[in-house]
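4 protein chains.
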Amino acid sequence: MASVVLLLTCADQPGLVHAVADFVLGIGGNIVHAEQHIDPEAGVFFQRVEFTCAHPDVATIEAAFAPTAARFGMHAQVNRSDERPRIAVLASTQPHCLADLLARTSSGELAADIVAVISNHPDHAALAAFHGVPYHHLPVTRDTREQQERQVLEVLASAQVDLVVLARYMQILTPQVLDAYPTRIINIHHSFLPAFVGARPYHQAQQRGVKLIGATAHYATADLDEGPIIAQDVTAVSHRDAVDDLVRKGRDLEVVVLARAVRAHVEHRTLVFGNKTVVFG
Amino acid sequence: MASVVLLLTCADQPGLVHAVADFVLGIGGNIVHAEQHIDPEAGVFFQRVEFTCAHPDVATIEAAFAPTAARFGMHAQVNRSDERPRIAVLASTQPHCLADLLARTSSGELAADIVAVISNHPDHAALAAFHGVPYHHLPVTRDTREQQERQVLEVLASAQVDLVVLARYMQILTPQVLDAYPTRIINIHHSFLPAFVGARPYHQAQQRGVKLIGATAHYATADLDEGPIIAQDVTAVSHRDAVDDLVRKGRDLEVVVLARAVRAHVEHRTLVFGNKTVVFG
Amino acid sequence: MASVVLLLTCADQPGLVHAVADFVLGIGGNIVHAEQHIDPEAGVFFQRVEFTCAHPDVATIEAAFAPTAARFGMHAQVNRSDERPRIAVLASTQPHCLADLLARTSSGELAADIVAVISNHPDHAALAAFHGVPYHHLPVTRDTREQQERQVLEVLASAQVDLVVLARYMQILTPQVLDAYPTRIINIHHSFLPAFVGARPYHQAQQRGVKLIGATAHYATADLDEGPIIAQDVTAVSHRDAVDDLVRKGRDLEVVVLARAVRAHVEHRTLVFGNKTVVFG
Amino acid sequence: MASVVLLLTCADQPGLVHAVADFVLGIGGNIVHAEQHIDPEAGVFFQRVEFTCAHPDVATIEAAFAPTAARFGMHAQVNRSDERPRIAVLASTQPHCLADLLARTSSGELAADIVAVISNHPDHAALAAFHGVPYHHLPVTRDTREQQERQVLEVLASAQVDLVVLARYMQILTPQVLDAYPTRIINIHHSFLPAFVGARPYHQAQQRGVKLIGATAHYATADLDEGPIIAQDVTAVSHRDAVDDLVRKGRDLEVVVLARAVRAHVEHRTLVFGNKTVVFG
Numbered sequence: 001m002a003s004v005v006l007l008l009t010c011a012d013q014p015g016l017v018h019a020v021a022d023f024v025l026g027i028g029g030n031i032v033h034a035e036q037h038i039d040p041e042a043g044v045f046f047q048r049v050e051f052t053c054a055h056p057d058v059a060t061i062e063a064a065f066a067p068t069a070a071r072f073g074m075h076a077q078v079n080r081s082d083e084r085p086r087i088a089v090l091a092s093t094q095p096h097c098l099a100d101l102l103a104r105t106s107s108g109e110l111a112a113d114i115v116a117v118i119s120n121h122p123d124h125a126a127l128a129a130f131h132g133v134p135y136h137h138l139p140v141t142r143d144t145r146e147q148q149e150r151q152v153l154e155v156l157a158s159a160q161v162d163l164v165v166l167a168r169y170m171q172i173l174t175p176q177v178l179d180a181y182p183t184r185i186i187n188i189h190h191s192f193l194p195a196f197v198g199a200r201p202y203h204q205a206q207q208r209g210v211k212l213i214g215a216t217a218h219y220a221t222a223d224l225d226e227g228p229i230i231a232q233d234v235t236a237v238s239h240r241d242a243v244d245d246l247v248r249k250g251r252d253l254e255v256v257v258l259a260r261a262v263r264a265h266v267e268h269r270t271l272v273f274g275n276k277t278v279v280f281g
Numbered sequence: 001m002a003s004v005v006l007l008l009t010c011a012d013q014p015g016l017v018h019a020v021a022d023f024v025l026g027i028g029g030n031i032v033h034a035e036q037h038i039d040p041e042a043g044v045f046f047q048r049v050e051f052t053c054a055h056p057d058v059a060t061i062e063a064a065f066a067p068t069a070a071r072f073g074m075h076a077q078v079n080r081s082d083e084r085p086r087i088a089v090l091a092s093t094q095p096h097c098l099a100d101l102l103a104r105t106s107s108g109e110l111a112a113d114i115v116a117v118i119s120n121h122p123d124h125a126a127l128a129a130f131h132g133v134p135y136h137h138l139p140v141t142r143d144t145r146e147q148q149e150r151q152v153l154e155v156l157a158s159a160q161v162d163l164v165v166l167a168r169y170m171q172i173l174t175p176q177v178l179d180a181y182p183t184r185i186i187n188i189h190h191s192f193l194p195a196f197v198g199a200r201p202y203h204q205a206q207q208r209g210v211k212l213i214g215a216t217a218h219y220a221t222a223d224l225d226e227g228p229i230i231a232q233d234v235t236a237v238s239h240r241d242a243v244d245d246l247v248r249k250g251r252d253l254e255v256v257v258l259a260r261a262v263r264a265h266v267e268h269r270t271l272v273f274g275n276k277t278v279v280f281g
Numbered sequence: 001m002a003s004v005v006l007l008l009t010c011a012d013q014p015g016l017v018h019a020v021a022d023f024v025l026g027i028g029g030n031i032v033h034a035e036q037h038i039d040p041e042a043g044v045f046f047q048r049v050e051f052t053c054a055h056p057d058v059a060t061i062e063a064a065f066a067p068t069a070a071r072f073g074m075h076a077q078v079n080r081s082d083e084r085p086r087i088a089v090l091a092s093t094q095p096h097c098l099a100d101l102l103a104r105t106s107s108g109e110l111a112a113d114i115v116a117v118i119s120n121h122p123d124h125a126a127l128a129a130f131h132g133v134p135y136h137h138l139p140v141t142r143d144t145r146e147q148q149e150r151q152v153l154e155v156l157a158s159a160q161v162d163l164v165v166l167a168r169y170m171q172i173l174t175p176q177v178l179d180a181y182p183t184r185i186i187n188i189h190h191s192f193l194p195a196f197v198g199a200r201p202y203h204q205a206q207q208r209g210v211k212l213i214g215a216t217a218h219y220a221t222a223d224l225d226e227g228p229i230i231a232q233d234v235t236a237v238s239h240r241d242a243v244d245d246l247v248r249k250g251r252d253l254e255v256v257v258l259a260r261a262v263r264a265h266v267e268h269r270t271l272v273f274g275n276k277t278v279v280f281g
Numbered sequence: 001m002a003s004v005v006l007l008l009t010c011a012d013q014p015g016l017v018h019a020v021a022d023f024v025l026g027i028g029g030n031i032v033h034a035e036q037h038i039d040p041e042a043g044v045f046f047q048r049v050e051f052t053c054a055h056p057d058v059a060t061i062e063a064a065f066a067p068t069a070a071r072f073g074m075h076a077q078v079n080r081s082d083e084r085p086r087i088a089v090l091a092s093t094q095p096h097c098l099a100d101l102l103a104r105t106s107s108g109e110l111a112a113d114i115v116a117v118i119s120n121h122p123d124h125a126a127l128a129a130f131h132g133v134p135y136h137h138l139p140v141t142r143d144t145r146e147q148q149e150r151q152v153l154e155v156l157a158s159a160q161v162d163l164v165v166l167a168r169y170m171q172i173l174t175p176q177v178l179d180a181y182p183t184r185i186i187n188i189h190h191s192f193l194p195a196f197v198g199a200r201p202y203h204q205a206q207q208r209g210v211k212l213i214g215a216t217a218h219y220a221t222a223d224l225d226e227g228p229i230i231a232q233d234v235t236a237v238s239h240r241d242a243v244d245d246l247v248r249k250g251r252d253l254e255v256v257v258l259a260r261a262v263r264a265h266v267e268h269r270t271l272v273f274g275n276k277t278v279v280f281g
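These protein sequences, in sequence, are chains A, B, C and D.
First residue of the first sequence: 1, per the numbering used here; consecutive thereafter.
First residue of the second sequence: 1, per the numbering used here; consecutive thereafter.
First residue of the third sequence: 1, per the numbering used here; consecutive thereafter.
First residue of the fourth sequence: 1, per the numbering used here; consecutive thereafter.
Simulated from the structure, these hints should not be mistaken for laboratory data.
Among the hints, erroneous ones may be present.
Each pair may be met inside one copy or between any two copies, as identical chains are not told apart.
Claimed, not checked - As a list, the in silico EDC-like pairs of lysine to aspartate or glutamate whose alpha-carbon atoms are at most 16 Å apart:
#1 Lys249 x Asp233
#2 Lys249 x Asp143
#3 Lys276 x Asp223
#4 Lys249 x Glu109
#5 Lys276 x Asp241
Take these sequences, add in the hints, and give me the full structure.
Following this line, the structure appears as C-alpha cells:
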C-alpha cells in the first residue's frame with residue numbers, strides 16, 4: 001500500500017508530536033514510521049512521519065495539514081512513497097557513478113527514474129542507450145558556460161526533474177543552476193571533508209601518507225564542496241597504495257557513498273537546516 | 001533537567017503514537033526524543049519516548065499512564081534519566097572488560113554506578129579497590145556451582161543491582177540466576193555470531209583463515225550464546241595474525257562492543273522481543 | 001615495464017630468501033616487491049616476489065628456476081604482470097556481481113579480460129553484448145547437470161580460461177568442474193562465514209536480530225562454502241532493516257568483496273595452503 | 001627465542017634484497033619475516049627483516065652489518081625483539097589514553113615498559129602508583145615553559161626513555177624537546193587529518209554535520225599536527241550526536257589509534273621518510 005511521508009521543520013515547542021499524531025489520526029491515517037530530532041543548540045524540531053491512509057492524495061493532505069503547519073510555523077513537505085522521483089544525472093568522462101546509478105534504477109533497487117543523462121562529453125551515450133535513458137551531450141568551454149547551463153536547465157525542466165545528481169561532473173555550476181534546485185542537487189566529493197584543498201587531492205593524500213581516504217556526498221551550494229553533508233565513508237590505505245590505487249579505491253567509495261545519499265533523498269529521509277543535513281535512519 | 005524515558009511494546013494498532021503524545025501533553029510534559037519501530041512480520045510496536053516534565057516522579061507517571069497501557073495492552077517501562085542504574089560486573093581472570101567499565105563509570109562517561117565486582121578469582125581485588133568498589137571473591141567448582149550462585153544472588157540482592165554484566169565471566173550461569181534478572185544480564189561473546197562452535201574459537205578462526213574476527217554483546221539466556229543481540233563489531237585480520245594476535249584484537253573488540261551494549265541498556269534504549277533486541281539510536 | 005611475479009610455497013628452512021634473491025640477481029632481475037610469510041604451526045614458507053628483468057619470458061624463467069625449486073622442494077608459479085588472465089563469469093539471474101566485473105574490466109581497472117559469460121538463464125545476454133563478451137546460455141535441470149557441466153567445461157576450454165568466477169551462480173558445481181580448475185574458481189558467498197546454515201540466510205539473520213551482515217569470497221571446493229577464504233567484509237544493520245534491506249546491503253557487499261578477491265587472484269597475490277589463503281598485500 | 005629486527009632505508013638499487021639475505025645467512029641467521037617497500041616516486045627502498053640467530057647481540061650485528069650498510073648507503077637500525085622499549089607517557093587532565101597504555105603494558109600485551117608518567121597536572125598520581133610507575137608532576141605556565149621542558153628532558157634522560165608518548169598532552173612542545181627525540185615522540189591528534197583547523201574541532205564537526213569523526217596518531221614535529229602519520233581511524237556519527245557524544249566517541253578512537261601506533265613503533269614496524277611513515281604489517 002502506498003504511504004505518505006511528511007517531512008517537517010519548525011522551531012521547537014511543546015505539543016508538536018501530539019499535533020502531528022492528531023492530524024494523522026484525524027484523516028484516518030496510521031503511522032508506520034515516525035522519527036524526530038531536536039537540535040538543542042538551534043532549538044529546531046525535525047520530524048519524518050510515514051503513514052498509510054485510504055486516500056493518499058498529496059494536494060488534499062497538504063491542504064488538510066495547512067492549518068497545523070500555520071499554527072506552529074512549520075515548513076512541511078508531503079510526498080507519496082510510490083511516486084518515483086525523476087532524476088537527471090550529470091557526468092563528465094568518468095562512468096563509475098553514472099553506471100552504478102543506472103544499474104540501481106534499472107534493477108528496481110532504487111525507487112526512482114533516471115530520465116536524463118547530461119554530459120559535457122559524448123562518452124556515455126551507449127551506456128545511457130543501454131538503459132533506455134535519453135543522453136544529452138552538452139559540451140562546455142569557459143566562454144560558453146552560461147549558455148550551456150541554460151541548455152542544462154532546459155533539459156531539466158522539460159524532463160520534469162526532481163533531483164539532479166552530479167556523478168563526477170567536473171564542471172562548476174553557477175548560481176543560475178544551483179538556485180533553481182535548492183537542496184535538490186547532490187554532489188559526490190572525492191574526499192573525506194574537510195580535505196586536502198586544491199588540485200590533485202589523491203596526490204596530496206599519498207604525499208602525506210594518510211592511512212584512510214574518504215568520499216563525501218553533499219547538497220551542492222555556491223560554496224564549493226561546502227554544502228550540507230548527506231553521507232561519508234572511508235577506506236583504509238597504506239604506503240603500498242600508489243596514487244593509482246588511491247584513485248581506484250576512491251572510485252569504489254564514491255559509488256557507494258553517492259548511492260547511499262541518493263537513496264536517502266529519494267526516500268525523503270533528508271532535511272536540511274543551515275549547513276547541516278538531518279538524515280533519518 | 002531530568003527527563004523521563006518511556007519504553008513501550010504492544011501489538012501494532014492505530015492511534016498508538018497519538019495516545020502516547022496525548023498522555024505526555026496531558027501531564028504537562030514536553031517530548032525531547034521519540035523513536036518508534038514496527039516489526040511488520042510480528043505486528044509489534046516498539047517506542048522510546050523521552051520527555052521533560054515538572055515532577056518526573058516514576059511512580060506517579062506509571063500510575064497516570066496505567067489506563068493508556070491497559071487500553072492498548074502495552075508493556076511499559078518508566079525510568080528517570082538521572083537515576084543511575086546500579087551495575088554488578090562479574091569477571092574471571094581477564095581484566096580488560098572490567099577495567100574498561102570501571103574507568104567509564106569512574107570518569108562519569110557512563111551514567112551508572114558499578115556497586116559490586118564479583119569474581120571466581122581473587123585477581124581483581126586491587127583494581128576494584130582503586131575504584132572504590134566492593135570486591136566479592138566467590139570461588140566456584142563444578143560441585144559448588146549451585147551454592148556459589150546463591151552467594152552471587154545474595155550480593156546482587158543486597159547491592160540492589162539493576163544490571164548484571166558478564167565481563168568475560170567464564171562460568172555458565174544456571175536458570176537460578178538467569179531467571180532472576182531477565183533481559184538484565186549482558187554477556188560479551190568473544191566472536192561474531194553465528195560463530196565457530198565449540199572450544200578455542202580463535203584457533204578455529206586462524207585455522208580457517210578468516211579475514212575478519214568479531215565480538216557480540218547479548219542478553220544472557222539459558223541458550224548459551226543465543227540470547228538477543230545488542231551490539232556487534234568486527235575487525236580485519238590476515239594470515240599474518242597468529243592466534244595470539246587474534247586474541248589481542250578480540251580483546252579490543254570485546255571492550256568496545258560490551259561498553260556500547262551497556263551504554264544502550266543504561267540509557268534505556270533497548271527493548272527485547274522474542275530473540276531480538278530493538279536498539280534505539 | 002613488464003614485471004615477473006614468482007609465487008612460492010615450500011617447507012620452511014634456512015636460506016630460502018637468500019636463494020630466491022640470488023636467483024633473481026643471477027638472471028639480471030631487480031626485485032621491486034617481495035613479501036613472505038611463514039606459517040609457524042605448519043612450518044610452511046610462502047613468498048611473492050615481483051621483479052623486473054630484460055627478458056621476462058615465463059618459460060625461460062621457469063626453466064632457470066627449476067634447480068632452485070628442486071633443491072628446496074618448492075612449488076613455484078611464474079607469471080608476467082602484463083599477461084591478462086582470461087576470466088569466465090558464471091551467473092544465474094542476479095546481475096550485480098557480473099555487471100560490476102564487466103565494468104571493471106571494460107574500464108581497464110582490472111587487468112584481466114572477461115572472455116565468456118555463462119548463465120543457466122538468458123537474462124544477461126544484452127549486458128554481455130554491451131561489453132562485447134560472448135554469452136553462453138546453458139540451461140540446467142537436476143537431470144541435465146552432468147551434461148550441462150560438460151558444456152560449461154567446453155566453453156571454458158575453448159575460451160582458454162584461466163579463472164572462473166561464480167558471480168551469484170546458484171548451481172552447485174560437481175567435482176567434474178571443480179577438479180578441473182583447482183584454486184582457480186572463486187565463489188562469492190552471501191554471508192560472513194561461519195554463517196547461518198541452510199536456506200534463506202537473510203531471513204535467519206533478520207530473525208536473529210544481527211547487527212552486522214557480511215559476504216565472503218573463497219575458492220570453490222567440494223565442501224560447499226568451505227573453501228579457502230580470500231576476502232570478507234561486513235556492514236552494519238539494525239532492527240530497521242527488513243529482509244529486503246539486508247538483501248540489498250548484502251548485494252553491495254558481494255560486489256566489493258568479490259571484486260577484491262578477483263583482483264587479488266589476478267595480481268597473483270594469493271597462495272592456498274590446506275584450507276587457508278595467504279593474500280599478500 | 002629472541003629475534004633481531006633490522007630496519008633499513010636507502011636509495012633503491014639492484015641487489016639490495018640479496019645483500020641483506022646474504023648478510024643474514026652469513027651470520028648464521030634465519031629470516032622469519034621480511035617485508036620491503038619501494039617508493040617509486042622518491043626511489044627509496046625500505047625493508048624490515050626479522051631473523052633469529054644464535055647470538056643476537058645488537059652491537060656485534062651492527063658492526064658486522066656496517067660494510068653492507070656502507071656499500072649501499074643504508075641507514076640501518078638493529079633491535080632485539082626481546083628488549084622492551086622504555087616509554088614515558090605525557091598527559092594533561094584526560095586519563096583515557098594514559099590508562100589504556102598502562103593497562104596494556106601491565107597486562108603484558110604491549111612488549112614495553114612505561115617507566116615514567118609526566119603531567120602538568122597532579123590528577124594521575126594514583127593511577128600511576130597503581131601500576132607502580134613513577135609520577136612526575138611538572139606544572140607549566142606560559143612563562144615557565146622553557147624551564148619545565150628542561151625538567152621533562154631530565155626525567156626522560158634519567159629514565160633512559162626510548163619513546164615519548166603524548167597521550168592527550170595539551171602543551172605544545174618546543175624544538176628543545178622535539179629535536180632531542182626525532183621520530184621517537186608519538187602524538188595522538190583528536191581528529192582525522194586534514195581536519196578542522198583551530199579551536200574546538202568537535203564543535204566545528206558538529207556544526208558542519210559530518211557523518212564520521214576520526215583520530216590520527218603521528219610522530220610529533222615542529223609543524224604542529226603535521227608530522228608523519230602512523231595510524232588513523234574513524235567512527236560513524238549522525239545528527240543525533242551532540243558535541244558531548246562526539247567527544248566521547250573521539251576518546252574511544254584516540255585510545256585504539258594511539259595504542260596501534262605505539263605497538264607499531266615498539267615492534268619496530270615504522271620507518272619515516274620525509275613526511276611519511278611506512279608501517280610494515
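Okay, the hints, checked on the actual structure:
Taking identical chains as interchangeable, the C-alpha atoms of Lys249 and Asp233 lie at most 16 Å apart whether they share a chain (12 Å) or sit on different chains (15 Å). For a Cα distance limit of 16 Å, the shortest separation of Lys249 from Asp143 qualifies neither inside one copy, at 34 Å, nor across copies, at 44 Å. Only within a single protomer do Lys276 and Asp223 lie at most 16 Å apart by alpha-carbon distance; the minimum there is 14 Å, versus 31 Å between protomers. For a Cα distance limit of 16 Å, the shortest separation of Lys249 from Glu109 across copies, 11 Å, qualifies, whereas the shortest one inside one copy, 24 Å, does not.
For the identical chains of this complex, Lys276 and Asp241 are inter-copy neighbours only, at 13 Å across copies versus 33 Å inside a copy, given an alpha-carbon limit of 16 Å.
Checked against the numbered hints listed earlier, the structure breaks hint 2 alone; every other hint is satisfied.
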